[in-house]
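With the sequences and hints as input, model every part of the structure.
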Amino acid sequence: MAKELWKGNEAIAEAAIRGGVEAFFGYPITPQTELLEYMAARMPALGRAFLQAESEVASINMVYGAACGGARAMTSSSSPGISLMQEGLSYIAGSEAPAVLVDVMRGGPGLGNIQPSQSDYFQMTRSAGHGDYHPIVLAPSTIQEAIDLMYEAFPLAEKYRTIVILAADGSLGQMMEPAEMPPMRPPLAEAERAAWAVRGAAGRDKRLITSLFLKEEELEALNQHLQAKLRRIEATERRWEEVATADAEFLLVAFGTVGRTCKSVMREARQQGLKVGLYRPISLWPFPWPRLRELARQARGMLVVEMNAGQMLEDVQLAVEGRCPVQFYGRTGGVIPLPDEILAALYDFVSAQRDANAPAGPTSGG
Amino acid sequence: MDENLAPTAEQIIEQGNVVYKRPDALLDTWTHYCPGCTHGIIHRLIAEAIDELGLREKAILVAPVGCSVLMYYYFNVDAVEAAHGRAPAMATGLKRTQPDKVVFTYQGDGDLASIGAAEILHAANRGERITVFFVNNAVYGMTSGQMAPTTLPGMVTTSSPTGRDVKEHGYPMRMAEIIAGLPGACYVVRRSVHDARTIRQAKKAVITAFKTQLAGLGLSMVEFLSSCPTNWHMSPPDAMAWIRDTMMPYYPLGDFKVAEEVKNW
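The listed protein sequences correspond, in order, to chains A and B.
FYI, my numbering numbers position 191 of the first sequence as 191, with every residue one higher than the one before it.
FYI, my numbering numbers position 136 of the second sequence as 136, with every residue one higher than the one before it.
To be clear, the hints were calculated from the coordinates, so they are not data collected in a lab.
Since the structure is predicted, the reported quantities are computational estimates derived from the model, not experimental observations.
Think of the CB as a built atom: it goes at the ideal place given N, C-alpha and C, for glycine as much as any other residue.
Misleading hints may appear alongside valid ones.
Partial list, derived from the structure: chain B residues whose beta carbon lies under 7 angstroms from chain A [said to hold, decoys possible]:
hint, residue
1, Glu57
2, Lys58
3, Tyr72
4, Asp78
5, Thr92
Here is the structure:
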């Protein structure tokens, strides 16, 4: 299939359709609304379920219901809407229903604004609701990558019976660029439906899907099971991209749209003779820390760049554990950091490190 | 065998003389409900209706948060547990992806009329092909007797210790009447289960509610006036009388919405 010009939100929707989504439940919110609109037009035409819910609270619970029946169900929203979904996400996690969610992040806190942001990093990666769990969180930096990750989201969610969140930001949702769509995945046959799915107890014992376990030993057993599953996910699903790290003295660490910007910054810095590499986490959870720790042994420093006040920064610091200096540069409120200002922040960081490492000499008077 | 001895229970059953037994849709187990609570009666009516309509293998129960949170351990049908108030949204997700199944919620007054008010109103307004059993006992039972949206004026609860002051907390919500006002709702009635006559009437309503869904019509709902002797601080007989004498004047029994197709059955 040839490349076509796609808008981010619509590309994600079409990739979900080709990936086999059977039911979409959503609520309008900028900057993801085109995703909902695209689904509204396409899903009924394909004989699949589309419903504009009364709220994000309802959307996620509709997804929960459909997913309990073994259907491939999803919703999409933007930051304030994702906040409203925390309750439902926690129930979905506790009952191990596979579900897919798209967060086209905007500026916060509160109503914030509708400009691009990455300030839901904590909200998505830490637990996305009450209780001990983590969704798989995948952050694309191009529309092609958004398509590819979205296409993979349902098999991934089903493999682990977990939540998969595609973490995009407003600029990725709104921009257009050429991308290639995957083929249409065939719909699930009745025989392929999960053995736990609630579909009416025809000729078998009843099934129950719940996140309620009143006896503490039973709830602890569920938690131990969930934690064992999370460790399996950590071992197999860490994803990242690294560019020019082999000889890099300094690393830019960034995800999503900013990861893409940092690639340009890295090239510019290299042209100016600075040995800079890029480390771009694709899975925000599980965070790809082991390779980053290896790189921390050779790097003289890392500059973490985000469209927030420093959220992934904490994961980088945990990965590095003091092996090299870690500096942060971020913009908030929907301001997109430009390549020039990132480059300036990088030079500031590099010169500060060189000054710090320079042999002690006489201090200048004055 | 001594012919003078009365037959054992097994001998009677072998002779096919059983006139009353546990419905297949209920499991042979104990329940956690308090003595005198009418959840058990309502469970049985729903289970009898499921048996009589042959729905056991296609029914999906969406359980609530509240006293009936564990009801999925008593019903012999596929079941899911919803978050507090979200059962109609969850049922929507199930029904939209499995339209051939019979999806029903069972919700208390805190669940349906307070925290889940938006979900039930919009499910009704969309005309979701689901069935809702709404159990109104005018109090939060599971958390031990706080004021509910359905608590009667002046009624003392643990969170309205001097009685519900309608100037502070508003009036009790008549959910059946509110939901009946939405075009998508096709069968909305209120029944009681405080005596044999009202129980028989309630059974008929449960059957009609399921048949409304089977006919592919919009949302069907039966509101039950239900007892809570524990949190009302009454004996079970007094609680039944309280339903009749105190609840029914504010919550009249009746048919608030019956679609033309349903009337013709």
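message: A closest beta-carbon separation below 7 angstroms is what the hint needs, so does Asp78 (chain B) meet it against chain A?
response: holds (4 angstroms)
- prompt: Hey, does the Thr92 (chain B) contact hint survive, CB to chain A under 7 angstroms?
  reply: Check passed: Cβ of Thr92 (chain B) comes within 5 angstroms of chain A, closer than 7 angstroms.
query: Should the interface hint for Glu57 (chain B) be scored as holding, given a Cβ-Cβ cut-off of 7 angstroms against chain A?
result: holds (4 angstroms)
- request: For the hint on Lys58 (chain B), just tell me whether its beta-carbon gets within less than 7 angstroms of chain A.
  value: holds (4 angstroms)
- prompt: If you take the shortest Cβ to Cβ gap from Tyr72 (chain B) to chain A, is it below 7 angstroms?
  reply: Nearest chain A Cβ about 5 angstroms off; hint holds.
When each numbered hint is compared with the structure, no violation occurs for any of them.
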